[in-house]
Amino acid sequence: MRLLATWMLVFYLFCAHSSAAQVIVNDSAIDFPLPAQELRLIFSMQKVYWPDGHKIKVFILAPSSDLHKEFCFQKLDMMPYMLQRRWDRLVFSGTGERPVILKSEVEMREQISNTPGAIGYVSDSVSVAGGLYVYNH
Amino acid sequence: MFTTINRYSLSLCPLLLLTSSVATASEWQLSGFVGQGFVAAEDTQFIVGDDSSTFDITEATLALSWTPVENIRLASALTFRQWGTLSDPGVMFDYLFAEYTHQLGEGMLGIRAGRFKNETGFYSSTRDVPFTRPSIMLPQSIYSDYFRDAQLHIEGGDLFGMHQLLDGVVDWHLSVGQVNVTEDLDRNVMGSADFGEFDSEGYYSGDIEFQNDYLRLGVSYYDAEVSFDPFIPGYYYPGEIQLSNWVFSGQFRYERFEITAEYLRGGRVTNGLVQPVAAEELTDPSEGYYVDVRTYLPHDVELFVRYDKHIDNTDDPDGTNSEAVYGSPAYYGYTKDWTFGVRWFPSNDWLLAAEYHDVEGASWVTPIVAPDPVNQAKHWSLFALQLSYRFQW
Chain A
1 MRLLATWMLV
11 FYLFCAHSSA
21 AQVIVNDSAI
31 DFPLPAQELR
41 LIFSMQKVYW
51 PDGHKIKVFI
61 LAPSSDLHKE
71 FCFQKLDMMP
81 YMLQRRWDRL
91 VFSGTGERPV
101 ILKSEVEMRE
111 QISNTPGAIG
121 YVSDSVSVAG
131 GLYVYNH
Chain B
1 MFTTINRYSL
11 SLCPLLLLTS
21 SVATASEWQL
31 SGFVGQGFVA
41 AEDTQFIVGD
51 DSSTFDITEA
61 TLALSWTPVE
71 NIRLASALTF
81 RQWGTLSDPG
91 VMFDYLFAEY
101 THQLGEGMLG
111 IRAGRFKNET
121 GFYSSTRDVP
131 FTRPSIMLPQ
141 SIYSDYFRDA
151 QLHIEGGDLF
161 GMHQLLDGVV
171 DWHLSVGQVN
181 VTEDLDRNVM
191 GSADFGEFDS
201 EGYYSGDIEF
211 QNDYLRLGVS
221 YYDAEVSFDP
231 FIPGYYYPGE
241 IQLSNWVFSG
251 QFRYERFEIT
261 AEYLRGGRVT
271 NGLVQPVAAE
281 ELTDPSEGYY
291 VDVRTYLPHD
301 VELFVRYDKH
311 IDNTDDPDGT
321 NSEAVYGSPA
331 YYGYTKDWTF
341 GVRWFPSNDW
351 LLAAEYHDVE
361 GASWVTPIVA
371 PDPVNQAKHW
381 SLFALQLSYR
391 FQW
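Quick note, the sequences are listed as chains A and B, same order. Numbering follows the numbering used here, in which position 15 of the first sequence is assigned residue number 15; successive positions increment by one, without gaps. Numbering follows the numbering used here, in which position 235 of the second sequence is assigned residue number 235; successive positions increment by one, without gaps.
The shape of chain B in the complex, shown without the other chains:
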């Protein structure tokens, strides 16, 4: 493509040599964003709680990357987040790690230790970033908000690589460690943080992804285990929940259209919690997928439509068996979510997003083990709006 190379060779003047010894800007990078949202919901208490709407939808992150010497980098992000009833307001380190990278052929190999993000699917690692996720509320079949806390922040080690392949890049991760669990998980699973406390038992995962100019393909697997310790004996029982999931991801772009689909197949093994540990384990082979079609219009406007389906237990896809055994309505066994949304970048650093969810079912509506059919209808809807600003120094 470049047919000629023109050489402009002049001797470096001494002044330029002097400035080169001064620390360059590349050693530090500071980036961040702030987002404020609004959520209104009908016939549900998901996110909004007792009210029908909430402004408690706030996200802010300050991310710092520092490269003291060529192959070593320290990275950290401090995050404030509140997300209606799903996340209480709080500040935490989103990640904080040291990494070492080394060239390997045309690519690189690296290892990092500390707190880092789960890389499952296309969006887990940046699911809280308005600019990188496809919608305000992610497809819950793959990126459930109720279990977000039990899989997102990993404390341990991550071996990773990035290699050129054909006309694109392959990157992969192998991670092992523990999950950082907060009180949000207690509330989203059990209904109240007062019933007891979840603690991380162990986590491991692997993922590989290929990306070129028009195609993105990925496979990931993770296994996350949390134990539960009740505060009041007799009401709930001590036990554990183990999640092991495969996620297959694909994205194809053609001119102004983009189609994305992800499929999750896995299982949730619950031992204890709602019944004594002595009783047999409760295994829910679950399944979920979504298909998202979007178009990139002129003036930085993006429109999308998405169908997202989740089945809590594939042995009981319409929930009728669960209704007969446990008494909670059958629609707690599955969820179908049609989403229609728009995203607009009025300038490079601003994003205004709006979306409407038309939902049938309640399999991922919190609290998971304490269904509330009085306030949760079979058919419900949710509207979300968010304005976000990003900066990069």
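Looking at chain A on its own, in the form it has when it is part of the complex:
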């Protein structure tokens, strides 16, 4: 699955000609390490608390957006619809929620800096300011 995801990413990068996605968190969550495995659980809505006991608030852009797809391939090493399938199971059985879908990167930056426990992503090309942190490779 990872190999496929990697090939699809290569294919995608050739076609879409886009920039990299970077993970951002609210400054309340700066102390917690975020390896890819942890990111997958968080964005699958299967890890819902930060180690300090605060709820994790997950924000994404529209699942059909280029940046969201790129984020899934690059940071999660996962195909976007595999991720969606996990939320759908939670949402339609009623047992959980999906991430909050935002309209733009501007809104993403605002929400992440204003929401304690928030995590999301923006594209590399966007300059980041405010009460949030960027995780880089």
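Please note: incorrect hints may appear among the correct ones.
[Claimed, not checked] Distance windows between CB atoms, simulated:
(1) B:Ser52 with A:Pro35: 52 to 58 Å
(2) A:Ile101 with B:Glu106: 51 to 57 Å
(3) A:Pro35 with B:Asn71: 33 to 39 Å
(4) A:Glu107 with B:Leu166: 32 to 38 Å
Derived from the structure by calculation, the hints contain no laboratory data. Keep in mind that this is a model prediction, so the values were computed, not measured. Note that beta-carbon positions come from the ideal geometry of N, C-alpha and C, so glycine has one too.
Starting from the structure of chain A, add chain B where the hints point.
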């Protein structure tokens, strides 16, 4: 993996502080879907009834989740569903409950009360959702449509947890309550809703599941009991049906391939109904399993092939004993279903699915206690097509 952490620290401007006090979007979530299908069948009346095909295959759900304070959530879904002869058109709450969750180590513990879904196997809780189930018609050995109504909607309490383990997550449920039973069950078991009425007696279940990036393993057990009250004395008798089933589930993904298998072992104890309660109970130790192999191709196309087998009574696997005693053909004792299907996501929110079932046997063909061999052949087939759209606000 993340070698450096860059800090961008700037003071928050007062305007941003103001907006943070306004209700955030995370407190409400609205999601839903609509699906319209078509089913054509040959040498059977399963789903299609007297006609050879039906468009009465419609599903629509509006799901709402509201978190008024951090640890409390209210969730509800309103569903419209019609499914050929199996489900009459109707609107109902698919679930409606309040839950409280609390952090426990790296995971959480929670309790919910109200109407919620049965979690048996991989697909019970979302079996009516085109986007989460693997096919239009689920493998009937585990997810029988005739008994769907006697096990799907639970009214009671559910204790649950979700914990990190190794490189994945374990989640579990312990539920107790009663099943919400509708007239669909009367018709699917007895042949007509006019013969009498089923009522829920009690339900309890437990399930545990592990999931990581490539593996999913689960075990579940449930015990569901329904009683039957005949309208016309003498034709059928008052009594009850008790279902107790173990389901073992496994799924493995490697690159673009995925293999899924589930195995059910259990029993159906019938007391009354076709004979007076005074006579001895009718115990059918049943067994079922399926193996599903699928591949995820580029352009969001998914192909699958599945073999699904059900044995109504493992003491009589080919149904010959039942034929000798009750007179209904032996092929009512088992079912073998080969399914070939395709699913395609033309865009993120649309799904077009098609599948063909090549079936031998009729153990899960409705109505269960009133076989109709004149219209039900030993070998039969079914084709299904469905277009679905989902939205998320």
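Verification of the supplied hints:
In this structure, Ser52 of chain B and Pro35 of chain A meet the distance hint of 52 to 58 Å, their C-beta atoms being roughly 56 Å apart. Hint check: Ile101 of chain A to Glu106 of chain B, Cβ distance near 26 Å, so the stated range 51 to 57 Å is violated. Between Pro35 of chain A and Asn71 of chain B the CB atoms are about 27 Å apart, so this pair departs from the stated range of 33 to 39 Å. Taking 32 to 38 Å as the suggested C-beta distance range, the pair Glu107 of chain A and Leu166 of chain B conforms, at roughly 36 Å.
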